[in-house]
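Chains as they are written, first to last, in the UniProt record's numbering: chain W, 1 to 298; chain B, 1 to 506.
I should point out that these hints are in silico values taken from the structure, not numbers from a laboratory. Check each hint, because a few of them may be wrong.
[To be verified] Straight-line C-alpha distance at most 20 Å; calculated EDC-like pairs for lysine to aspartate or glutamate:
no., chain 1, residue 1, chain 2, residue 2
1, B, K149, B, E137
2, B, K345, B, D291
3, W, K66, B, D368
4, W, K66, B, D250
5, W, K257, B, D228
6, B, K383, B, E396
7, W, K257, B, E137
8, W, K257, B, D368
9, B, K383, W, D55
[Unchecked claim] One-sided excerpt, in silico: chain W residues whose CB lies under 7 Å from chain B:
no., residue
10, Q59
11, G239
12, N258
13, M259
14, M260
In this text, all values refer to a predicted model and were calculated from it rather than measured experimentally. Glycine included, every Cβ here is placed at the ideal spot set by N, Cα and C.
What follows is the residue order along each chain.
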Amino acid sequence: MSDLSDPLLQEITGPTPGQLLRKRVFGHQGLIFGLAVVAILAVVAILAPVIAPHDPYAQSLVARMKPPVFLGGTWENPLGTDHLGRDYLSRLIYGARVSLMIGGIAALISGVIGTAMGVAAGYFGGKVDAVVTFLINVRLAMPVVLVALAVVAILGGSLTVVIAVLGLLLWDRFAVVMRASTLQVRGREYVAAAQAIGASTPRILLSEIMPNIVNNLIVVVTLEMAHAILLEAALSFLGLGVQPPTPSWGLMVSEGKNMMLFEPWLVLIPGAVLFVLVLAINLMGDGLRDVTAPENRS
Amino acid sequence: MKNLSLATTLAAVAFAAAGVPALADKANDTLNVAFTKELENVDSYFNSSREGVVMQRAVWDGLIYRDPATNEYKGNLATSWSWVDDTTLEFKLREGVTFHNGEPFNADDVVFTVNFVADPANGVKTQRNVNWMKSAEKIDDYTVRIHLKEKFPAAIEFLSGPVSMYPNEYYAEAGPSGMGLKPVGTGPYKVTSVVPGQHFVLEKNDAYHDSPKGQPAIRTIDIRTVPDVNTQIAEIFSGTLDLIWQVPADQAGKLSAMDQFTVANESTMRVGYISMDAAGRSTMDPNPFTDVRVRRAVNHAIDRNAIVDNLLKGSSKVINTPCFPSQFGCVQDVTSYDYDPEKAKALLAEAGYADGFTTEFYAYRNRDYAEAIASYLNAVGIKTDFKMLQYSALRELNMKGEVPLSFLTWGSYSINDASAMVSQFFKHGSLDDARDDQVLADLTVADSSTDPAERIDFYGKALKRITDQAYWAPLFSYNTNYVFKKSVNYTPTPDEVLRFTTMTWN
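Build out the structure end to end from the sequences listed, making use of the hints.
See the structure below:
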């Protein structure tokens, strides 16, 4: 038998944290859109061999630059064919693999490097901080595109080189943000309490500090993933990224560029898909931050 | 891309502001022409680009002129010539010719020019154009002798092409850089304004001598560098350009469907080919290309007809020889290879590569052609690791012998003699991937013989050996599309040189 006049019991009847989270997630349109687009593209990328109507490498010189179906083409090639008669839709689908793989792995590599440096600098301070800050400044002084161009020009463009270069270049924002976030939480009472009970440094970092700054990390991960995807497209457009015949959206834009005046869809289709993916990743990151931010949790 | 289009827009604005007439055309007798590449130096001995050749033919004259239609040699600055012996040519010069700056043309100019360019210390860019000459000697004011280093049957061809005559007094003072900024020649057009690499204005030379080039008709030729093809097309639409050239086949096809433009297509001497590391110079181990069966398989794997019909189009042709068919000595009776992917696979299997192999594949231009070729090679099991390099970088790599397989082209400097191509690559030079002694022996005889029949005979032997051993996979000849307004009348020539003297208004 409960006594409804007891204020302690009344509070429990409200929504659970799980319900609150769900409500926040589904009430956030940007997050839903971003998640949906990224999820769909991820599925498309993984299932590329099943979904793609044609072999993306199969060339047919007699069937060059057929228009997409909405410009009077046939359903045989729904998005038309490229300058070597390869199916545009299939190349777009396989291109999603390249884009997501480069974005994902590059963000992962730079995330690990940047987070480790940033958290170490923020938590330990002193000389460690000075060294890390110096490294961040050095890195920020180098224009990413220029360094990427130079390295790729020397080593030659390939998927591995592009991923490695971008992964090793894009850690600066991780380090800056993680350092600032760690500085904010390291003086908090719960950190002091953990130190007082004799918790080890790795334990403090992993279970006291990381959970409270991970929402910032999510935003940076998505930003850098989008950044890496755009940079790959830019490098491929310049002929220094992924090498043909590997399908890449940047390469497709580059190959369609010469015919832009007469067949604008050759550039518009991969350009639009690239735009939507980068937008979706950014919206997803913003949304995830909004939903997981500690101040929204209670 | 954003920056590039911004730059071109800015450039266009800058030109408009600089006072270029927006709609200059027939009404004010000005023809607006676009160059795609920046011309590094107008001085024709110090650039190696097609644009430079165009300027050279407009501003300067050679001693001899080759009629592009009949291939007949005619006197230009010389009225007659004769071989004194195997290595000495004597010229009678035309009298009464003056340079654009008023300096009279005579034997001193020829002697000065030849002695200047033949001296390697002066650093003429394309040494091959001039390094066959030893010196020149004045006999009297209008008679001159050119001494050759050794027998060189193509001398007349070179004298009608890249070797043009410069004013001795002016050139001694101005030098190549002064000549590049303020060019002075005897040619049908004089240069009135030079913005290096960007903008050249040519004015008709009213005092042009009675030259086989013909008299210029259009008063002003205004040439601008517009690097992007799409910008060029947009400008010819808007009327700020009257003539563009080297237009890619696809765009030319679209433009020819429009009423306001004439699209003319002419073949060029440029031949595209695949070079294989037959001598085994690269680090590839094992090197499949040392096996003649693999090289023949490469030849059989590529559908050259499909590439010509669908990618190059126009007057391009499938080529079976490592030289252009119109070149003297380029015998066409050679081993040729049909498109037969099954045979290619069988040959690869016979050579022990039933499952194919992976090789680096280099190219420097026409990425789309290179991709199409790579795709054909992949189809028979030759997997390619594609690498696109700048020409100079690839050439350097090639000289070091580090290139197993590459798609290359050669334009022979528009010289209508097989020696300009086959002898360039098969005489054990640093670019020779075959290093065949028999070919070297035959070419040595052919290159130095003065008997035309003997030359044909020995070029034929060399070409047969090369094609039989499949050292190269000769692919196709190139073509150039010229697009101009209907108000312009022009018939392009097969040597890919814009001849302003033959352009008129309709």
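Status of the hints after comparison with the structure:
1. B:K149 - B:E137: holds, 14 Å
2. B:K345 - B:D291: holds, 14 Å
3. W:K66 - B:D368: Judged against 20 Å, a Cα distance of about 16 Å means the pair holds.
4. W:K66 - B:D250: With a Cα-Cα distance of about 13 Å, the restraint between K66 of chain W and D250 of chain B holds, given a limit of 20 Å.
5. W:K257 - B:D228: holds, 10 Å
6. B:K383 - B:E396: violated, 24 Å
7. W:K257 - B:E137: violated, 55 Å
8. W:K257 - B:D368: holds, 12 Å
9. B:K383 - W:D55: Roughly 16 Å separates the two Cα atoms, so the pair holds.
10. Q59: The hint holds - Q59 of chain W has a Cβ within 7 Å of chain B, the shortest such distance being about 4 Å.
11. G239: holds, 6 Å
12. N258: holds, 6 Å
13. M259: Holds: closest Cβ of chain B sits about 6 Å from M259 of chain W, inside 7 Å.
14. M260: holds, 6 Å
Checked against the numbered hints listed earlier, the structure breaks hints 6 and 7; every other hint is satisfied.
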